[in-house]
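The chain contents come next:
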Amino acid sequence: MAHNRLTQLLDQYTSGYSLAQSFYTDPLIFEADWEHIWKKYWLFVGSTAEIPKPGNYFTYQAHHDSVIIIRGDQGEVHALYNTCRHRGSLVCLEERGHTSKLMCPYHQWVYNKDGSLFKARLMPGDFDKSAYGLHPVQVRVVEGLIFISLSSNPPDFDKVVQDFAPFVKPYKLDQAKVAYRKRYELRTNWKLIAENFRECYHCGPAHPEYCRAVIGANLTESAAQVLPERQQAWERKGLSVKGIDFENDSFHFAVRYPLRPGVESYSTNGKAVAIPMGDHTDFDAGVLGLVCYPNFWMDAVSDYVWTMRITATSASQCLVDLTWLVDSQAVEGQDYTIERLTDFWRITGEQDWKLCENNFKGIESSHYGPGPYAPVEADVAKFVDWYIDRLREGVSTAVAF
Amino acid sequence: MAHNRLTQLLDQYTSGYSLAQSFYTDPLIFEADWEHIWKKYWLFVGSTAEIPKPGNYFTYQAHHDSVIIIRGDQGEVHALYNTCRHRGSLVCLEERGHTSKLMCPYHQWVYNKDGSLFKARLMPGDFDKSAYGLHPVQVRVVEGLIFISLSSNPPDFDKVVQDFAPFVKPYKLDQAKVAYRKRYELRTNWKLIAENFRECYHCGPAHPEYCRAVIGANLTESAAQVLPERQQAWERKGLSVKGIDFENDSFHFAVRYPLRPGVESYSTNGKAVAIPMGDHTDFDAGVLGLVCYPNFWMDAVSDYVWTMRITATSASQCLVDLTWLVDSQAVEGQDYTIERLTDFWRITGEQDWKLCENNFKGIESSHYGPGPYAPVEADVAKFVDWYIDRLREGVSTAVAF
Amino acid sequence: MAHNRLTQLLDQYTSGYSLAQSFYTDPLIFEADWEHIWKKYWLFVGSTAEIPKPGNYFTYQAHHDSVIIIRGDQGEVHALYNTCRHRGSLVCLEERGHTSKLMCPYHQWVYNKDGSLFKARLMPGDFDKSAYGLHPVQVRVVEGLIFISLSSNPPDFDKVVQDFAPFVKPYKLDQAKVAYRKRYELRTNWKLIAENFRECYHCGPAHPEYCRAVIGANLTESAAQVLPERQQAWERKGLSVKGIDFENDSFHFAVRYPLRPGVESYSTNGKAVAIPMGDHTDFDAGVLGLVCYPNFWMDAVSDYVWTMRITATSASQCLVDLTWLVDSQAVEGQDYTIERLTDFWRITGEQDWKLCENNFKGIESSHYGPGPYAPVEADVAKFVDWYIDRLREGVSTAVAF
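Protein sequences appear in the order of chains A, B and C.
So the first sequence is numbered by our numbering: it starts at 1 and just counts up by one.
So the second sequence is numbered by our numbering: it starts at 402 and just counts up by one.
So the third sequence is numbered by our numbering: it starts at 803 and just counts up by one.
The hints are simulated quantities; they were obtained by calculation from the structure and are not laboratory data.
Please note: incorrect hints may appear among the correct ones.
[Unchecked claim] The calculated lysine to any residue pairs, modelled on SDA-like cross-linking and capped at a C-alpha distance of 20 Å, are:
#  : chain 1 : residue 1 : chain 2 : residue 2
1  : C       : 974       : C       : 905
2  : C       : 1163      : A       : 314
3  : B       : 530       : A       : 371
4  : B       : 755       : C       : 974
5  : C       : 903       : B       : 607
6  : B       : 783       : C       : 899
7  : C       : 921       : B       : 523
8  : C       : 1184      : A       : 282
9  : C       : 921       : B       : 607
10 : C       : 921       : B       : 520
11 : B       : 530       : A       : 64
12 : A       : 382       : B       : 523
13 : C       : 1163      : A       : 198
14 : C       : 931       : B       : 465
15 : B       : 520       : A       : 212
16 : C       : 903       : B       : 783
[What the hints assert, rightly or not] Covered stretches of chain C, as calculated for chain A (at least 3 residues, CB under 8 Å):
#  : stretch
17 : 1003-1010
18 : 1155-1161
No experiment lies behind these values; they were computed from the predicted model shown.
C-beta atoms are modelled at their ideal positions from N, C-alpha and C, and glycine is treated no differently.
I would like the entire structure built from these sequences, with the hints used as guidance.
Below, the structure is given as structure tokens:
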């Protein structure tokens, strides 16, 4: 997008109001989103529980790039661009698999798990294999949560690791069991999902199941009365309770909040849906909520972890990948059923997808214009501010170089 | 589209020849069509018979805009942009429905039927509701036919009302019954349908059913012999007979013409397919044909009214919505059957859709060029002249401002 | 595509390496491919065996152009743009058919098989029919193989005719029988298929059936030992043996090579799958391979001819049309079955389509870059050189005018 056009749109932004139409619908803004945010920041791709053994891998499609995430021989995680250095073929064709070496299916060039070129048959004797490894992708693992960055110079991630680790550790995600995955293809802009997940102005009418579980979600109650007692109880068990808020240009968030008294889990009847997970021994841990912009949301209750990975695929489309993880010892049919485990977030998620899709359709109107956020949507306004600041930063940097 | 490119194409136009390829296939011309014609002129959306009671509504998708057409408490018709003034969600999600108030499904902002904002919960005390009504769309009703304009300064419509009203009044459309609707998605440019409906050069070979009903449609006969007697008979009954032709820059047309002697209706066997409609008491009213550019065609016989609403959705695509209306007292299964009522125009229409789609495919050729209209296609040439004049007008106005 | 951008890409090309991403994925390069190669060079469309009698025709969609290929009254072949000179409708609606005259389905303008306008009803008396024939397309027939050019000044084709004719003649293609056709819609760039068909670096692992039939295909053997004996035997029978290589800017190729001893045909078990074709009396003719850039490949064994017609439909898509021809006397069910006849090339072809589609997917990566061709891929490098030279030629010519 011509910088002057984008700059003009950024100049017209008014904090406290929803974004102008172009930010949601223009393919050139979509490219700017990738250039200045998605290709620069850290993207959640999955958990180490999905690749428990050396040679286990999965692939993630990030805009034009397929990325291989593979477990190395020492348990480490490698992320590699999935394009052979010979003639460019995909090396891994499947979304998930296991392999001792990565072999291109076209002409059988063979790569090690760390991406280095192991063998390229029939190449000349002076061929320098060391120059033809698969291109690496930056990767960081936080207590089993895998994040990648397509940038060679990504924002610092140490603070995220430091803040997230104590919260996530008790769930023992690295040894967890992937119980279920579900993918949605939505016709909406990714930012409308991010906005949706930052407010509960819509929760009362839209999410009866969610409001039955969470105190205050309907905006007519407050969790203030039960919170101090809960926090003390959590601290006694060694659970982290000090929330991490978005600050200035930070892009991650963590909070632990209580379930309604008597509610054990995020489930449609309030009862636990699996056995306590990891270090937990009861159903008393409340909800741990994590966010890492632009594409990661996680809610953990005592008996399961739910992750949401968003992938923006065009201005008007995104993929949402939901994953449910349970304790490594949980046995399907005995300790949990897929239906009960997933009901709560399938129902709640699908309520949101519909809202976000209809929000997008209305925004396509020639008469849509930025509207005022309500006071209870202050966190949405903050997300949108963060987003605009990232584009401003990107534009100014791009001009400078 | 760059004005100089469009201006160049307009300069190259030769009256009497079909349009240059770009006018039919170029996405930028499609945008110009919307800018200078579809968003400026009056679009037929449906009839009041579809929304008989206060709170009945339907929506119409006009390019990027969803428009709500809703019956008000005094029977008046309101047209509103279907985008919430809060965060832009669609307010009405369904194509047809009934509601006492219009409530946005996202955060429950509530609007009155006239679009004014009734309630916005949890907004600050100083929030000015009067500034946040749904944006209005211009709307006019002619004896039950509803037209909207997306322009804030549309062409004068009084002459259309004045000319159409006496023709339409006897059919009592406001109290009619919607018997059937059918939608077609066609791969053709909207102007090729408009051209098709302005000539009968193709009728003889293409439309055997139509030619059996209409004298002269095959171009080998003339209605001249029966016309004077017919017109006198119609006048005696108080039916309008004086046709309204396209003139200079006018965009509407009306004509009453006779059916072949012995033919009572537009039907495959020439017999009536329903009871006489509205004020009619026999099957002797011939055919009333109305056109209003760019998207309205209507043919009314003594026992039913058929409307065609075209919607241009891209250079290469359009939607055609056909509606059959019968007298309010007509009972399905007793006075009419869907099959017999709709056979004639489904068959004739589908013959035309095929011709228009193949016309478009051939025009995509690198070797397509404007060809000469035959003398019997003079009305097609006039439509194309009108179209070119509208773009010229639009371009010159746009340059002036 | 802006010439300076294309020129820059052409300047950056390094021979011996695969092309830069844009050449495979950019829609503007796709248009340049059509402008400088596909619309200029000769395109294979089919064989005269498909239109044995006067009035038999088929159509071919070349980018935006539908072309009619029709057999004339003296057995000659005409190629005509399929767009009526009146209002542009397609004249032939079906992909294959028979007609004594070409009649436009819209207003019944009638053309002779040579494209001249025969009749245009209801046109004015002074209408000059001679000025309104269907636009002709250049066409050449080589022993039953039909090639067209959309250029008014195509490259010389005499050398191709002269080189191909003696090779093709013994198969008596003009009187052959079309046994089977199969179409594939692939998501890949057309050049990746051309590259795939110029090397056997991939054959060993990818094509077990092919390697069982062809000596040397797996690159671990050589046909050198059997070749002299084979060539002498072929010459004794009057079969052409002197291969035609690509030279400088030539765009055609012919070769005859031996099958593995004991193998009679391209079949999954090495046995013949039909009766000897044309002048052949045994299964001893080896394989005749023909190529004509950009879209023609043919492999002929003693008992059948297989042609491949590629059509580039976008940067990321192409159609592949395979046709199997057998001797005119061969009777299905008795002399051949569709399954056995087509197994070999369906299996081998589908292996290649998968490779070419995955090659394309990997090339879409932001980290794809031109990789080095192996020495055994020298012919691929030559094709890519040829391709780049054609664009350079096109760009320089376009600049000059």
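Cross-check of the supplied hints:
The straight-line distance between the Cα atoms of residue 974 of chain C and residue 905 of chain C is roughly 32 Å, outside the 20 Å bound, and the hint therefore fails. For the suggested pair residue 1163 of chain C and residue 314 of chain A, the alpha carbons sit about 17 Å apart, so the restraint of at most 20 Å is met. At most 20 Å may separate the alpha-carbon atoms for a hinted pair to count; residue 530 of chain B and residue 371 of chain A meet this at roughly 12 Å. Taking the CA atoms of residue 755 of chain B and residue 974 of chain C, the gap is near 40 Å; set against the 20 Å cutoff, the hint is violated.
Straight-line distance between C-alpha atoms of residue 903 of chain C and residue 607 of chain B comes to about 18 Å, which keeps the hinted pair within the 20 Å bound. Taken as a hint, the residue 783 of chain B and residue 899 of chain C pair is broken in the structure, with Cα atoms around 37 Å apart against an allowance of 20 Å. Distance check on the hinted pair: residue 921 of chain C and residue 523 of chain B sit about 75 Å apart at the alpha-carbon level, beyond 20 Å; violated. Proposed proximity of residue 1184 of chain C and residue 282 of chain A is contradicted: the alpha carbons are some 70 Å apart, above 20 Å.
This hinted pair checks out: residue 921 of chain C and residue 607 of chain B have alpha carbons roughly 18 Å apart, not beyond 20 Å. Straight-line distance between C-alpha atoms of residue 921 of chain C and residue 520 of chain B comes to about 70 Å, which puts the hinted pair past the 20 Å bound. At most 20 Å may separate the alpha-carbon atoms for a hinted pair to count; residue 530 of chain B and residue 64 of chain A exceed this at roughly 45 Å. Restraint check for residue 382 of chain A and residue 523 of chain B: satisfied, since their Cα atoms lie roughly 18 Å apart, inside the 20 Å limit.
At most 20 Å may separate the alpha-carbon atoms for a hinted pair to count; residue 1163 of chain C and residue 198 of chain A exceed this at roughly 36 Å. Among the hinted pairs, residue 931 of chain C with residue 465 of chain B is inconsistent with the structure: their alpha-carbon atoms are about 45 Å apart, more than 20 Å. For the given pair, residue 520 of chain B sits about 26 Å from residue 212 of chain A by alpha-carbon distance, which is inconsistent with the 20 Å threshold. A distance of roughly 32 Å separates the Cα atoms of residue 903 of chain C and residue 783 of chain B; the hinted pair therefore is violated under the 20 Å criterion.
A stretch counts as covered by a chain when three or more of its residues have a beta carbon under 8 Å from one of that chain; for the stretch 1003-1010 of chain C and chain A the count is 4, and the coverage holds. Look at the stretch 1155-1161 of chain C against chain A: 3 of its residues bring a Cβ nearer than 8 Å to a Cβ of that chain, three or more, so the hint holds.
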